[in-house]
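Which chain is which? The protein sequence lines are A and B, in order. Using our numbering, the letters of the first sequence map in sequence onto residues 1 to 126. Using our numbering, the letters of the second sequence map in sequence onto residues 1 to 147.
Because the hints were derived from the structure by calculation, they are not lab data. For every residue, glycine included, the Cβ atom is placed at its ideal position computed from N, Cα and C. Keep in mind that a hint or two might mislead.
Claimed, not checked - If you want the footprint, here are the derived chain A segments under chain B, 3+ residues with CB under 8 Å:
| hint | region |
| --- | --- |
| 1 | 64-72 |
| 2 | 81-93 |
| 3 | 101-112 |
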Amino acid sequence: MKRFREPLFVLLLVFFLQSCAGWAKNMDYHPFDASELDRLTPGKSTVAQVTETLGAPSNIVRLSNGNAYIYRRSLSKGTGIWLLIVSFGKYDKHYDQIVIFFDKKNIMTHYGVTLDAHKAAYGLPF
Amino acid sequence: MVSPFKIFPFVMYPFIVGSLITGCVSYRVIKAVEGRSVPNIFTEFQVGTTTLQEALQTLGAPDQVAELEGKDVLIYQRSLLFNSGLAFGIPLTDIWGPSFDFSAYGELVRYDLVLLSFTPDGILSEIASEKGSCYPYLKTILSEMQQ
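Could you put the whole structure together from the sequences, leaning on the hints where they help?
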């Protein structure tokens, strides 16, 4: 048993000396505040009031009965681990999104909100 | 001159052994997820009765919005990428030139999708859904593409 001790120790050292890990975080940031939506009222608020409250949208889409203003930002987190002969990587990307629908008179009709960016997480790919 | 192997044996040997092993065999697993999970809405949503307002309250903001043939389409999407690779070889390229090397890699991207189509009045007219994440990685990537 004693004769295996040194090779085992060497192998363990190999394992740790040849290993490394890394983390990364990317943010596609737009400074809109979803809590400001309380100041807007479907059926009343106009495009001007929405852009004054939330800022310029990330995208505008023409729809059958008006337009949709899309506010979007993302947060992604990446994890990489190298353990001698195996390596693991995980990349997790989530979005905060607000989509506001306007009719042809530029009056806000509906809106949908998803605040999910905070769910981006570091970790292993299992 | 004293050999560094005598002074730092527990540092030199691990580096040599480690360098050789890492060049010989390697295995990697990478997973990338984009977006949130897409719920099964077939039980909640009914064509002809569900409104745009109800859909937005239940599912939140869509990932894509488009107009298609006079109807408004909302798309909710999550993508799931899984990549794995296994490589065998002898790391002697620098001193010996080309040597044998075997490697196998695979990458599979699956999508969970929900497509909702609304009339200009905001009434649900069509639902389409795909649950790509329920397909197992190995079985799917090793299967032939079905036409």
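Okay, the hints, checked on the actual structure:
1. Counting residues of the region 64-72 of chain A whose beta-carbon sits less than 8 Å from any beta-carbon of chain B gives 4, enough to reach three: the coverage restraint holds.
2. Counting residues of the region 81-93 of chain A whose beta-carbon sits less than 8 Å from any beta-carbon of chain B gives 10, enough to reach three: the coverage restraint holds.
3. For the region 101-112 of chain A, the proposed coverage by chain B is satisfied: 5 residues have a C-beta within less than 8 Å of a C-beta in that chain, meeting the threshold of three.
Violation of the numbered hints given earlier is absent; every hint is satisfied by the structure.
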